[in-house]
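Put together the whole structure using the sequences plus the hints.
Its first residue numbered 278, the sequence shown is counted upward by one per residue in the numbering used here.
Calculated from the structure, these hints are not laboratory results.
Watch out, some of these pointers could steer you wrong.
[Claimed, not checked] Listed next, with one range per pair, are the computed distances between beta-carbon atoms:
no.: 1; residue 1: G377; residue 2: T310; range: 36 to 42 Å
no.: 2; residue 1: V387; residue 2: A363; range: 46 to 52 Å
no.: 3; residue 1: G377; residue 2: T303; range: 26 to 32 Å
no.: 4; residue 1: A362; residue 2: P297; range: 33 to 39 Å
no.: 5; residue 1: E293; residue 2: T343; range: 15 to 21 Å
no.: 6; residue 1: K292; residue 2: Y320; range: 30 to 36 Å
no.: 7; residue 1: A364; residue 2: G344; range: 19 to 25 Å
no.: 8; residue 1: E327; residue 2: C290; range: 16 to 22 Å
[As the list claims (entries may be wrong)] Straight-line distance between alpha carbons at most 20 Å, and here's what the computed SDA-like set of lysine to any residue pairs gives:
no.: 9; residue 1: K292; residue 2: Y376
no.: 10; residue 1: K292; residue 2: Q388
no.: 11; residue 1: K292; residue 2: L336
no.: 12; residue 1: K292; residue 2: T374
no.: 13; residue 1: K292; residue 2: A384
no.: 14; residue 1: K292; residue 2: G377
no.: 15; residue 1: K292; residue 2: Q385
no.: 16; residue 1: K292; residue 2: W379
no.: 17; residue 1: K292; residue 2: T382
no.: 18; residue 1: K292; residue 2: S322
no.: 19; residue 1: K292; residue 2: A363
no.: 20; residue 1: K292; residue 2: N378
no.: 21; residue 1: K292; residue 2: I390
no.: 22; residue 1: K292; residue 2: G380
Just so it is clear, CB atoms sit at the ideal spot from N, CA and C, and this is done for glycine as well.
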Amino acid sequence: MAFFVLAIGLTGCNKEEPLPVSAAFTTSIQGNTLDVGQGFTVYTSDAEGEFLTYFRGDLESTTYGTGFGASLGIGSDSLVISGYAAAGNYTFTLVATSYGNWGETVAQDVQSIDITVTTP
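Pasting the structure below:
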């Protein structure tokens with residue numbers, strides 16, 4: 278019995294490569310232009326990874342590389358984003374991340390789009 282428990286324990290502790298990642302997404306935005314306050318949908322059915330994080334890019338704190346993103350539930354195929362409050366240019370970014378080899382290896386993919394927000 279002890280051998281069986283030890284064998285199960287040892288086989289469950291193998292290092293594994295990260296799962297495949299893809300930050301592929303599409304949106305409902307026409308011509309990458311929105312009106313102030315106009316929401317949009319991000320379609321993530323082709324995105325894959327252990328963790329999906331999006332960055333709205335409307336503040337320094339929500340911009341990829343300088344701020345914090347919001348997690349997207351795995352298995353979600355779309356996300357509705359509320360509109361931007363002011364006219365301007367914003368970069369929306371999706372990051373897909375997976376970890377492997379007990380956290381020693383990271384696989385990451387990043388996709389961004391530039392969005393122009395205008396006053397109606």
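Each hint tested on the structure:
1. G377 - T310: 36 to 42 Å: Given a distance of about 39 Å, which is inside 36 to 42 Å, the answer is holds.
2. V387 - A363: 46 to 52 Å: 25 Å, violated
3. G377 - T303: 26 to 32 Å: 28 Å, holds
4. A362 - P297: 33 to 39 Å: 36 Å, holds
5. E293 - T343: 15 to 21 Å: Once the Cβ atoms are compared, 32 Å apart, the range 15 to 21 Å for T343 and E293 is violated.
6. K292 - Y320: 30 to 36 Å: 34 Å, holds
7. A364 - G344: 19 to 25 Å: 21 Å, holds
8. E327 - C290: 16 to 22 Å: 18 Å, holds
9. K292 - Y376: 11 Å, holds
10. K292 - Q388: With a Cα-Cα distance of about 28 Å, the restraint between K292 and Q388 is violated, given a limit of 20 Å.
11. K292 - L336: Since the Cα atoms of K292 and L336 sit roughly 39 Å apart, the hinted pair is violated (cutoff 20 Å).
12. K292 - T374: The hint holds at about 17 Å.
13. K292 - A384: 15 Å, holds
14. K292 - G377: 7 Å, holds
15. K292 - Q385: 18 Å, holds
16. K292 - W379: With a Cα-Cα distance of about 6 Å, the restraint between K292 and W379 holds, given a limit of 20 Å.
17. K292 - T382: 10 Å, holds
18. K292 - S322: 28 Å, violated
19. K292 - A363: Given pair K292, A363 is violated - Cα atoms ~47 Å apart, limit 20 Å.
20. K292 - N378: 4 Å, holds
21. K292 - I390: 35 Å, violated
22. K292 - G380: 9 Å, holds
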